[in-house]
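Trainee: One-letter residues, chain by chain:
Protein chains: 2
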Amino acid sequence: MDLKVRFHELLKKEKAYEYAMQIIGWDSQTEAPRDCFPHRAEMMGILSGELFRIASGKEMQETVYGLYDKKDALDDITSREIRKAKKQLDKIVKIPENEYVEYMSLLQMAQRIWEDAKANNDYESFKGTLGKIIEYTKKFVSYYGEGKHPYDVLLDDYEDGMTMKDYDEFFNVLKQELVPFVRQILAAKDNHDYRFMEEKYDIDAQKKFSDYLMDVMCFNRNRGLLKQSVHPFTWGTSPEDVRLTTRYIENMVFSNVFSVIHELGHATYEQQIDSKWNDTYLTGGTSMGIHESQSRFYENIIGRSQEFWNTHYPKMKSLFPEQLKNVDAELAHRAVNRVEASLIRVEADELTYPLHIMLRYEIERMIMTGQTNVDELPALWNDKMEEYLGIRPETDSEGVLQDVHWSSGMIGYFPTYALGSAYAAQFYNAMNKDFNVLEAVKNNDMGKINAWLKEKIHQYGSSKDPKELLLSVTGEPFNPKYYINYLKDKYSKLYL
Amino acid sequence: MDLKVRFHELLKKEKAYEYAMQIIGWDSQTEAPRDCFPHRAEMMGILSGELFRIASGKEMQETVYGLYDKKDALDDITSREIRKAKKQLDKIVKIPENEYVEYMSLLQMAQRIWEDAKANNDYESFKGTLGKIIEYTKKFVSYYGEGKHPYDVLLDDYEDGMTMKDYDEFFNVLKQELVPFVRQILAAKDNHDYRFMEEKYDIDAQKKFSDYLMDVMCFNRNRGLLKQSVHPFTWGTSPEDVRLTTRYIENMVFSNVFSVIHELGHATYEQQIDSKWNDTYLTGGTSMGIHESQSRFYENIIGRSQEFWNTHYPKMKSLFPEQLKNVDAELAHRAVNRVEASLIRVEADELTYPLHIMLRYEIERMIMTGQTNVDELPALWNDKMEEYLGIRPETDSEGVLQDVHWSSGMIGYFPTYALGSAYAAQFYNAMNKDFNVLEAVKNNDMGKINAWLKEKIHQYGSSKDPKELLLSVTGEPFNPKYYINYLKDKYSKLYL
Chain A
3 MDLKVRFHEL
13 LKKEKAYEYA
23 MQIIGWDSQT
33 EAPRDCFPHR
43 AEMMGILSGE
53 LFRIASGKEM
63 QETVYGLYDK
73 KDALDDITSR
83 EIRKAKKQLD
93 KIVKIPENEY
103 VEYMSLLQMA
113 QRIWEDAKAN
123 NDYESFKGTL
133 GKIIEYTKKF
143 VSYYGEGKHP
153 YDVLLDDYED
163 GMTMKDYDEF
173 FNVLKQELVP
183 FVRQILAAKD
193 NHDYRFMEEK
203 YDIDAQKKFS
213 DYLMDVMCFN
223 RNRGLLKQSV
233 HPFTWGTSPE
243 DVRLTTRYIE
253 NMVFSNVFSV
263 IHELGHATYE
273 QQIDSKWNDT
283 YLTGGTSMGI
293 HESQSRFYEN
303 IIGRSQEFWN
313 THYPKMKSLF
323 PEQLKNVDAE
333 LAHRAVNRVE
343 ASLIRVEADE
353 LTYPLHIMLR
363 YEIERMIMTG
373 QTNVDELPAL
383 WNDKMEEYLG
393 IRPETDSEGV
403 LQDVHWSSGM
413 IGYFPTYALG
423 SAYAAQFYNA
433 MNKDFNVLEA
443 VKNNDMGKIN
453 AWLKEKIHQY
463 GSSKDPKELL
473 LSVTGEPFNP
483 KYYINYLKDK
493 YSKLYL
Chain B
3 MDLKVRFHEL
13 LKKEKAYEYA
23 MQIIGWDSQT
33 EAPRDCFPHR
43 AEMMGILSGE
53 LFRIASGKEM
63 QETVYGLYDK
73 KDALDDITSR
83 EIRKAKKQLD
93 KIVKIPENEY
103 VEYMSLLQMA
113 QRIWEDAKAN
123 NDYESFKGTL
133 GKIIEYTKKF
143 VSYYGEGKHP
153 YDVLLDDYED
163 GMTMKDYDEF
173 FNVLKQELVP
183 FVRQILAAKD
193 NHDYRFMEEK
203 YDIDAQKKFS
213 DYLMDVMCFN
223 RNRGLLKQSV
233 HPFTWGTSPE
243 DVRLTTRYIE
253 NMVFSNVFSV
263 IHELGHATYE
273 QQIDSKWNDT
283 YLTGGTSMGI
293 HESQSRFYEN
303 IIGRSQEFWN
313 THYPKMKSLF
323 PEQLKNVDAE
333 LAHRAVNRVE
343 ASLIRVEADE
353 LTYPLHIMLR
363 YEIERMIMTG
373 QTNVDELPAL
383 WNDKMEEYLG
393 IRPETDSEGV
403 LQDVHWSSGM
413 IGYFPTYALG
423 SAYAAQFYNA
433 MNKDFNVLEA
443 VKNNDMGKIN
453 AWLKEKIHQY
463 GSSKDPKELL
473 LSVTGEPFNP
483 KYYINYLKDK
493 YSKLYL
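So the protein sequences, as listed, match chains A and B.
Residue numbering for the first sequence is 3 to 498, as defined by our numbering.
Residue numbering for the second sequence is 3 to 498, as defined by our numbering.
Derived by calculation from the structure, the hints in this document are not laboratory data.
One or more hints might be untrue.
Dumping the calculated DSSO-like pairs for lysine-lysine here, alpha-carbon to alpha-carbon at most 30 Å [stated by the list, open to error]: (1) K229(B) <-> K229(A); (2) K229(B) <-> K210(A); (3) K60(A) <-> K14(B); (4) K93(B) <-> K167(B).
Just chain A, same shape as in the assembly:
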């Protein structure tokens, strides 16, 4: 049989296993009863063993490396697929199995050690483990990185084509432009009464507002659904089945509102990908950064705009007449854009958020280039917080221990969060050349916005990489000035 046909058949089989495991994962995260997990772990162990044998086996190696050897003779689409397949396969076959197994059990333990360290504000108890994770990461990268700088390899793993050089440029602009601007905003007076935000909001009414938002954003309910989970997330197996979750907290009504809008950004991207890429390497969002650009675009640029609140606040007010009786759309808009210097990334507002990421990028970069070590991290973290946000963590739990990422082995992931917001601003600028975006928001015409995103970005799935997409959609390479301008413009109007 033709190598290409064999490759696609094998890939489809691999996808069927992943499909099953994804459905089980969805069940685990949304409704599975507590006591089912030991048995489930055993069943999942068998299935993932079978999957591993297919994904790394002789036939996969023959087809992928066989096709890679003659990649110049392949059509463009297959060549892209094979490059992605080879990248994944290299990681599996070039890392010695025993080292990989050791690393996996290290991560398993690391998770618990980190949880305890964070709970007890005890960085010392986590330091050694973090050191080992860094060592393994460097070693693994050396196996498949083909001579590139280890951090460049990691950055590229999470965001195709990105390097330290790219990120340095990005974060330098942020540091020069945003840090002083944030100081200015934080010094501005704000005498509004925001206490309504923390009142009790009935969960059933919150659910009704979620449903309303699903319709506002034109979510296709034949291709997905909304459910609850401990942490909000978006999940998909193909454009025909894309699901999102939220959580309801009685005295934090906006937590649900922006979780739903954010996840709807991810979900709309996944729903609008062309089905022709199903079960190939070219399906799904093309990168972390581009995915995050879609969720942040929905959440911040659309969802936190004055136009959005003018149009949709009456619905919210009708659901919570008591709590919102003294609140108008303008105050609601101000409330959801309130800027505060805060220690915890996941609670940060739109303006200060990228500074939290910049700090993490700089620290990761220093770790991977040997400019710092695990002993120095807590103080380094706190110094940078003070420098960029003017506040200093009193505990490591609020500092270097706050995020799950490093204990899960995810080094190089953080920068994509900030990149997503910056991409979003650049896309937004391009979209505004075609039509007035906030006018569409005001007219409750998300369909127009979604259609543009589908045509320019979503339909392609992973068949275009981030840099290509940015160039083709906006006519220029990545340029952080749109992001800086967007933030300065928006927050100057609100605060200065």
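Based on these hints, arrange chain B on the given structure of chain A.
Mentor: Frame of chain A, contents of chain B only:
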């Protein structure tokens, strides 16, 4: 490696695939979005192909037939497992693959043809297909039935150890005893006002009552959950994960009540099986009939008793004060035990239900012994309805076309429904020797009843077959007199 160890490893792998497919099935039946199904079918096709290769492959044949050859040397437990494994394997390997594929595509079509025939009251358009299903069934049974009568083989497939001889005895007693008794009850006067049953009952309040019933029946929520689906069912992968569904209909409040209680009977059985049987042939309920005995025991003997309504009706009334303002526990009890001659099996009451099954058994028996043919079925059906229930269907849609079973190839399944009720009465009699069951119901002490069921029946899973179980629990073989006595006693009190 030891044959027995190899067998169990292979079986566990098979179970992991089944597990994945079961979770996907649960998702399909309870929440999956409409458009996901074409892609899902493709993924399921791959997984079931993989499963088939394991379940029928060379290694499975070697281990199962290898162990079967020396079954007399095996311990009792392994020997039981191997007999069950061999029974299943025979069906896979002895039916020629091409015939099986033809049959499967016939069933696929049959489903649609039957649906149309039922919708259009057009038996003629289904007759030929039904004839083919019967032919295939006879042929397949001849391959693996080891010379037994084809209908005996089918009866045994659905209820281990049951034969025409057993069922003839059972249904002859029903015919002699129950048919005249039903006539007597149907002739009795009943002037109560039951119109409250069809009023509108708020769905959210109905859900609250479901939750209440889950607690009354001591359902373990760490090991399962309740959800909604189009048709109520119970689902489980191991005792640690047993789920049930119900449906809510605004003007049929009792539909939900008895669906929940019925499914809780199945679910409690599954939850109380000993986990040591997990992923072996000895897990799960031991037969259709025994399973149905547990659901009917819960639904009818417990759930439709006066004691149950005395104790739990106040809760229901508090949820629906308006609809139930003129209804007391005695009238509620009468209402849920109302007897009527009706044409549709799934809507029949407890007393007339077994006559619907008797009719189907007699017809299936005549089909399989060549005493009738598909041309004669509609008239035969209607004649028997008239003989047993005194009413005659005006259309075949209300007659021979009403059930899905035959179009799905399920011949021999029906009798287990009646058997379940009769088993339940025999178990109930035994339970009453140990303690006063309705006293426990009155005292809201389902824990006591569940504990007895666990000790005597549930814990064993499939490690005891129905006949063994009946003998060990009740001290005698199956005896329908308990069922007849139970029905006569209950309905005489209500009606005569």
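Trainee: Taking the numbered hints from earlier one at a time, note which ones the structure violates and give those numbers from smallest to largest.
Mentor: Every hint satisfied by this model.
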